[in-house]
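For the protein sequence lines, the chains are S and R, in the order given. For the first sequence, the residue numbers in my numbering are 1 to 176. For the second sequence, the residue numbers in my numbering are 1 to 176.
Note that these hints are calculated values from the structure, not bench results. All of these numbers come straight from a predicted model, not from anything done at the bench. Treat the hints with care, since some could be wrong.
[To be verified] Heads up, simulated SDA-like pairs for lysine to any residue below, C-alpha to C-alpha not over 20 Å straight-line:
hint : chain 1 : residue 1 : chain 2 : residue 2
1    : S       : 24        : R       : 132
2    : R       : 87        : R       : 60
3    : S       : 2         : R       : 93
4    : R       : 20        : R       : 124
5    : S       : 71        : R       : 132
6    : R       : 24        : R       : 37
7    : R       : 134       : S       : 7
Number of protein chains: 2
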Amino acid sequence: MKNRKLLNSELNRLSPQEFKVADKLHITLVLDNVRSAHNTGSAFRTSDAFCIEKILLCGISSTPPSAEIHKTALGSEDSMDWEYFEKTEDAIAILHKKHYRTIAVEQTENSIILDDFIPDRNLKYALVFGNEVKGVQQNIVDMCCDCIEIPQFGTKHSLNVSVSIGIVLWHFMSSR
Amino acid sequence: MKNRKLLNSELNRLSPQEFKVADKLHITLVLDNVRSAHNTGSAFRTSDAFCIEKILLCGISSTPPSAEIHKTALGSEDSMDWEYFEKTEDAIAILHKKHYRTIAVEQTENSIILDDFIPDRNLKYALVFGNEVKGVQQNIVDMCCDCIEIPQFGTKHSLNVSVSIGIVLWHFMSSR
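Isolated chain S, as found in the complex:
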C-alpha cells in the first residue's frame, strides 16, 4: 500500500503544553467583529495548525469559553493564546506600538493581490479579518499599513471568513 493513511498517533502533533512553548510564526490574527462563533472557532483551529502566536478577538467576536467556538475549534481555543478588545482600534494601536505590520484582508481601491504579496521574514505581521457581511471596518482599514485581497473570479462577492483565514495564513506560511 503506497499511501497508507496515518493514524492520529503517527502525526506527531504537539501537546497543548508543548504548543505553549513552541516557536511560533510571528503572525497575530485580528478578528474585527466576526459574528459567527463557528468562524471564530475555525480561526482558532487554523491558527493552531499553522502555529501562529496569538488571536485578538475584537468587538462582537465571541470569546472562549464557548460551546459554539469549541464545536469548530475542538480544543485549540485552549492551546492558542488570545486576548479580547472591545474596540478593534485599540488592538491595532497596540500592535503598531509593538512594531507589527498590520494588514487588512479586504477588497479596496489599492489592495495588493495576495499572489503579489511577499511576506518579509524580518517583520511581524498582524492580519485583520472582518465581519461576515460588512468586512473590515473602513476606519480599521485606514489604520492598517496595507490591504491584501484574495483574487476571485466567480459570481459571489467574497469567500467565507474561515476559508479566507486559511488561505492567507497558508500564503504567509508557505512564503516563509
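Since chain S is already given, all that's left is putting chain R on it; use the hints.
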C-alpha cells in the same frame, strides 16, 4: 483615502449566466462522504470564487437543493456545475477514463507536502476531500494517483475540510 473599500457593484463579478460559459480551471472537486451540508455549501462558494469546473458529490454528501447548503453557498450551488455519485469509486473511475490526475488530500505514508506539489498546467486535476472524521476512505486513497498533505504544526490532527479546500484550491490557482 488610500484604501477605500470597494462596493459590491465595483467588484465586477460574473453573473450566473456569464459564469456558466466562462473559462474554468481544469480542476474538479470530489467530496467523499462529507457529512456537513455547511461544509458542502462552503465548497461550492470557494469553487465558484476560484472558477473551477465541477464538484462531484459522493456518498452521504448533501446535494442541492438544500437550505443548509444554501446557508454557506449563498447561491453558488446554482452557478457551479455538480453531479452526484452514490459510490466515490465510480466517480474516480470516470475521472480516470477522462484522463484526470486524481489527488487525495490526506495524511499518508507517502503524501507530498503541499508546498512541494507543483501543478502541471497541461493536466486536468481532480482533488478528493474526505469525511470530517474519517478523511478520504483508504480504498479511494488507493485508487488516486497521488496524495497531498497540508503541513500542520499544532495540537490538532487536521484542518476543517472547508478550510482545507480553500487552501488547496488556492495553491493550485496561484501556482498556475
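Going through the hints against the structure:
Between the alpha carbons of residue 24(S) and residue 132(R) the distance comes to roughly 27 Å, so the proposed pair goes past 20 Å and is violated. Our distance criterion of 20 Å between C-alpha atoms is met by residue 87(R) and residue 60(R), whose separation comes to about 9 Å. The hinted pair formed by residue 2(S) and residue 93(R) meets the criterion: a straight-line CA distance of about 19 Å does not exceed 20 Å. Between residue 20(R) and residue 124(R) the CA atoms are separated by roughly 19 Å; this keeps the pair inside 20 Å, and the hint holds.
Taking the CA atoms of residue 71(S) and residue 132(R), the gap is near 12 Å; set against the 20 Å cutoff, the hint holds. A hinted pair counts as satisfied when its Cα atoms are at most 20 Å apart, and residue 24(R) with residue 37(R) does not qualify at roughly 24 Å. This hinted pair checks out: residue 134(R) and residue 7(S) have alpha carbons roughly 10 Å apart, not beyond 20 Å.
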